[in-house]
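*Asks:* Generate the whole structure from the sequences, applying the supplied hints.
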Amino acid sequence: MSQLDNTLKLLGVTDTNIRVFGTREEFHGRGSGRKKYLVIQAELTYTLRRCPSCGYNMLHPNGHKLTHVHIAGSMDRPVILELNKQRWRCSNCHSTCTATTPVVSTNHAIGHGLATHVLKLASKSLPAKTIASLTGISTNSVQRILTLLANALFSKANHAFHYLFL
1 MSQLDNTLKL LGVTDTNIRV FGTREEFHGR GSGRKKYLVI QAELTYTLRR CPSCGYNMLH
61 PNGHKLTHVH IAGSMDRPVI LELNKQRWRC SNCHSTCTAT TPVVSTNHAI GHGLATHVLK
121 LASKSLPAKT IASLTGISTN SVQRILTLLA NALFSKANHA FHYLFL
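Position 38 (the sequence shown) corresponds to 38 in the UniProt record's numbering; numbering is contiguous.
For the record, the hints were derived by calculation from the structure and aren't laboratory data.
The model shown is predicted, which means the values in this text are computed figures rather than measured ones.
For every residue, glycine included, the Cβ atom is placed at its ideal position computed from N, Cα and C.
Zero decoy hints are in this set.
Below, a list of computed lysine-lysine pairs in the DSS-like style, where the Cα atoms sit at most 25 Å apart:
id, residue 1, residue 2
1, Lys-129, Lys-35
2, Lys-129, Lys-36
3, Lys-36, Lys-9
4, Lys-36, Lys-120
5, Lys-120, Lys-35
6, Lys-35, Lys-9
7, Lys-120, Lys-9
Restraint-style ranges between C-beta atoms, simulated for each label pair:
id, residue 1, residue 2, range
8, Tyr-46, Asn-107, 15 to 21 Å
9, Pro-127, Thr-98, 32 to 38 Å
10, Leu-148, Lys-124, 15 to 21 Å
11, His-60, Lys-36, 37 to 43 Å
12, Ala-150, Asn-62, 37 to 43 Å
13, Phe-27, Pro-52, 37 to 43 Å
14, Lys-65, Asn-151, 28 to 34 Å
15, Asn-62, Phe-27, 29 to 35 Å
16, Asn-151, Pro-52, 26 to 32 Å
17, Phe-154, Asp-15, 30 to 36 Å
*Replies:* Following this line, the structure appears as structure tokens:
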């Protein structure tokens, strides 16, 4: 196991299909919002046999898709996982699919660990702007995460209310 793989373990990324091949530091943003990020370059690939759309065994590799996933890191600077996801194309139905990982939801750019970290910071009554500057995501993303949690809690509480009293 290389030292780069240990970096992923330290950050809480346990997916064995992610292979790291480099790290670098770069600056993102403009003006006073300019921050230094740790960028981890990695590849997500595994063997996929059957097409998720039609079920036939006719998948062929079809390149990679580059995604930038914000993950929870150390408190001094935010971390971006620059992930090359494997793509496949089905010869039968001509649909394409992309490799998935439990680190982040499909079509999302904020990892589950970072969303959990945002919720922990919000439970300490920190303002959204402070949470955004600590985690390296936008204030709107912080609000979106908190709103999704509130909606999930409200729907569960509403469901429990109907179960108990109806």
